[in-house]
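Visitor: Residues per chain are reported as follows:
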Amino acid sequence: MATIVVLVILAILVISAVGVYNRIISLENRYQNAWSQIDVQLKRRVDLIPNLVETVKGYAAHEKAVFEEVAHSRQALMNAKSVGESAEAANQMTGALGRLFAIAENYPELKANENFKMLQEELSSVENKIAYARQFYNDAVLQFNNAIETVPGVFLAGPMNKKQAVFLEIPEAEREAPKVSFAG
Amino acid sequence: MTSRGAGVLPNVITDAATGRRINLLDWQASNRRMSWVLGLIMVALLGAIGYLLAQVTNPGSALFFVSVAGFIGAGQSVAAYWFSDQIALGAAGARKATKDEHRYLVNVTEAVALGAGVPTPNIYVIDSPAPNAFATGRDPQHASIAVTRGLIDMMDRQELEGVVAHEMAHVRNYDIRFLSMLAATIGAIVILRDLVLRWFQFGAFGGSRSRRSSGGGSGQGNNRGQGIMVVLLIALLVLGPILATILRLAVSRRREFLADATGAYITRNPEGLASALEKLGAYQGEGLEVSEGVRHMFIVNPLAHHNSMDLFATHPPIQQRIDRLRRM
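Line by line, the protein sequences give chains A and B. Note that the first sequence covers residues 6 to 189 in the working numbering. Note that the second sequence covers residues 22 to 349 in the working numbering.
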């Protein structure tokens with residue numbers, strides 16, 4: 006009789022452990038997939054930049070400082086190895102592109118260029134998509150972190166070697182309109 | 022527990038106006054369950070009509086009538102599940118949006134889908150100046166969103182995001198499957214009613230007189246039985262659509278409020294949708310010509326001149342929706 010009780014309790018423990026394990030894994034997959042959605046948009050932005058820079062140079066070749074800044078952030082993004090580095094380079098690029106578009110405001114012919122208008126729409130929607138994807142990512146990270154820090158997940162997080170995932174911060178600069186820079 | 026198609030939205034949405042909490046997972050489950058129930062209702066209803074028809078014409082072949090009618094009902098349900106999106110899109114005159122032609126709309130929809138954590142739905146455009154939008158399909162993996170040209174022209178980015186997020190909420194909440202099944206059920210009842218009315222007009226009842234002797238039992242009793250059956254048949258055919266309408270009204274008002282709240286959560290910007298609804302409510306131009314079967318699927322009633330307070334309104338008054346969004 007006692008053995009049966011022990012066996013039943015063991016079976017219940019094993020079944021619940023499997024449930025908790027699966028939940029942690031699926032939440033981990035969810036936030037990692039959410040990150041890859043951001044990554045897709047970051048890559049898309051990197052791909053759009055050479056075309057944009059060429060178009061702008063056709064009208065405002067002397068605005069060298071901003072071209073360098075854009076090129077620099079693009080390089081940083083392509084070299085980024087971790088989520089943190091990517092996020093930092095991406096924020097830098099957002100700032101640089103903001104300044105580039107602000108400069109474009111001073112060139113009516115550039116603003117009327119069809120290709121430029123298309124690129125501007127594409128880049129601002131990429132920016133928008135990054136914002137949405139980041140929101141989803143942060144939600145997913147919150148769920149994952151909650152799952153591994155609360156009972157019962159906390160008992161398995163150690164043995165499974167799961168650590169807290171990092172949130173992506175929205176930099177202050179991004180919340181306000183980009184400032185026009187006349188440097189260079 | 023993870024639910025199919027669910028992203029990382031909160032599971033509970035609190036209605037700011039009433040304080041009532043609605044669990045989204047329960048809502049999704051209920052929509053999926055009710056879709057099944059509607060499919061079965063369709064089979065049962067058609068079976069019942071088949072039975073009554075048999076009683077009126079030839080009671081001996083009741084089994085045949087019921088099986089044929091039930092089979093038609095089942096076929097309707099299956100067709101509604103698989104093809105109702107194509108039918109609804111066709112009925113609304115929607116055509117597929119292309120990235121070249123509708124870059125703005127496609128980009129906005131892709132962005133909102135990222136925020137909602139659902140695959141990007143198929144995007145359609147309806148060539149009408151009246152601003153409106155609807156969603157259809159059977160699940161988030163097979164969903165379509167259609168918006169009118171007027172909506173794209175009239176809304177700024179945040180407002181368009183608000184409207185698209187509202188439609189995305191219908192997709193995520195499985196409202197689209199439920200509404201597709203409902204539209205098919207109502208459509209089937211209406212078609213049947215029209216068929217039977219025509220059949221009455223052509224005086225098909227004359228034929229039943231000759232069969233009276235083969236029916237067994239006394240002629241008098243059979244006559245009365247026939248009379249009752251005819252009354253029942255008429256009642257069923259008349260009451261059916263009325264009941265369906267009341268059901269549709271009851272369910273769709275709450276559905277719209279919930280989609281507003283879910284949509285506002287997806288964009289984290291209730292003001293976008295509130296401002297879009299304000300523009301939709303203020304629109305005074307020509308209406309959008311769509312059939313009765315798909316009217317309740319739109320974000321606002323497509324009829325140009327309607328009284329939003331009347332009993333048969335499929336949508337809550339726009340001002341009430343705006344107020345709730347602004348209080349979030």
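What the hints contain is simulated information worked out from the structure, not anything from laboratory work. Check each hint, because a few of them may be wrong.
[To be verified] Calculated pairs, DMTMM-like style, for lysine to aspartate or glutamate (alpha carbon to alpha carbon, straight line, at most 25 angstroms):
no., chain 1, residue 1, chain 2, residue 2
1, A, Lys-122, B, Asp-344
2, B, Lys-117, A, Glu-119
3, A, Lys-122, B, Glu-122
4, B, Lys-300, A, Glu-119
[Stated by the list, open to error] Some chain A residues well away from chain B (every beta-carbon gap over 12 angstroms; in silico):
no., residue
5, Ala-39
6, Val-45
7, Tyr-64
8, Ser-87
9, Ala-136
10, Ala-145
[Stated by the list, open to error] Some chain B residues judged to face chain A by a derived CB distance under 10 angstroms, without partners named:
no., residue
11, Ala-50
12, Glu-131
13, Thr-288
14, Ala-303
15, Pro-337
16, Pro-338
Since the structure is predicted, the reported quantities are computational estimates derived from the model, not experimental observations. Ideal Cβ placement from N, Cα and C applies to all residues, glycine included.
Visitor: Are any of the numbered hints broken by this structure? If so, which, sorted upward?
Guide: 1, 4, 5, 6, 9, 10, 11, 14, 15, 16
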